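One line per chain: the protein sequences are A and B, in this order.
For reference, each letter of the first sequence is one residue, going 0 to 94 in this note's numbering.
For reference, each letter of the second sequence is one residue, going -9 to 217 in this note's numbering.
Calculated directly from the structure, the hints in this document are not laboratory data.
Careful: at least some of the hints might be erroneous.
[Claimed, not checked] For each label pair, taking beta carbons as the anchor points, the in silico distance ranges come out as:
#1 B:V49 with A:I6: 48 to 54 Å
#2 B:L184 with A:G24: 20 to 26 Å
#3 A:A32 with B:V49: 25 to 31 Å
#4 A:I5 with B:V50: 54 to 60 Å
#5 A:T49 with B:T133: 36 to 42 Å
Predicted, not measured: the structure shown is a model, and the values here were computed from it.
Ideal Cβ placement from N, Cα and C applies to all residues, glycine included.
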Amino acid sequence: MEALTIIGSVSIIVSGFTIAIGCIGPSLAEGKAVATALTAIAQQPDASNTITRTLFVGLAMIESVAIYALVVSMILIFANPFWNFAITQAQAAVR
Amino acid sequence: MELSPDEVVYWTFGYAKLNKTIVTTWFIIFFLSFFSWLVTRKMTNGIEISRWQNFLEIVVGGIRDQIGNIGIKEPEKYIGFIGTLFLFIATSNIATIFPWYDAPTGSLSTTIGLAFMVFCAVPFYGIAQKGIFPYLKSYIQPTVIMLPFNIITEVSRTFALAIRLFGNIMSGSIILAILLSIVPLLFPIIMTVLGLLTGIIQAFIFAVLSTVYIAAAVQNKEKVKSN
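Input sequences plus hints: build the corresponding full structure.
Put into structure tokens, the structure is as follows:
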């Protein structure tokens, strides 16, 4: 049971840190991208269609970095391979 | 909580499982093929065309123009592959407005399969366009030292392509599930609308990135210099 406690608590803590640290960079980048796009639209309102389309594509590509962090933290919480391994080990020990 | 529609299994026969991903994927495939068959059955090139043929002409023409904008000289050669990717992903993401439906792109097996198709299509089109040795030569392009890095790039961008689509759709459905347990009234609808937007954008990005990879494989040396 000791190993299970360690694995569970470490997974939860690390998944929290993963999403917290992993969101810093993408959010800064998204803010910068939106601010620049707004400046560009303010300077050239005629080009707002092109700017908006490029902005959305760029935002989605920036956001996918944050999504990678989310996937890792989700795997740590819901589909942790070490947790499953420890559970099967514990069950085998009980039997 | 389910991470992916893979975990909803309808029918098991030995090793083979019939899960929700397969069912929804086949449903999307049948819908797209049946719809296209129904429309193109009475296709004409006269002045009077039916409204659905008009719709499909807009879709196909738009995809062809987008592929051409990225820098491929003959978009007609690649529209079958790239357009199918875009239409499949877009349809499966839009169909989340139906109840009891989970997008098959929210499962890692689907997105890995789609990205693997891109992974195979890039050398296929590259060899078909340039011949086998000029294509293989592009792997050692600056120097021979770059060979392992070029191979790593090929593999890692495939995984990035798969995980980007999977993560976006999966995070949308998980945020929806969390919101349903906290604020079940009206607010999940807003997130669903946002999810539809994200789905379309992700389908667009998937198609654009595969086009960029294929364009990098098929473009000629002289064209690069002229640019």
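The hints, checked one at a time:
Checking the proposed 48 to 54 Å range against B:V49 and A:I6 shows it holds: the Cβ atoms sit about 50 Å from each other. Evaluation of the 20 to 26 Å hint for B:L184 and A:G24 yields a pass: the beta carbon distance comes to about 22 Å. Judged by the Cβ atoms, the range 25 to 31 Å given for A:A32 and B:V49 holds: they are separated by roughly 29 Å. One distance hint, 54 to 60 Å for the beta-carbon pair A:I5 and B:V50, holds here, with the actual separation near 57 Å.
Taking 36 to 42 Å as the suggested C-beta distance range, the pair A:T49 and B:T133 conforms, at roughly 38 Å.
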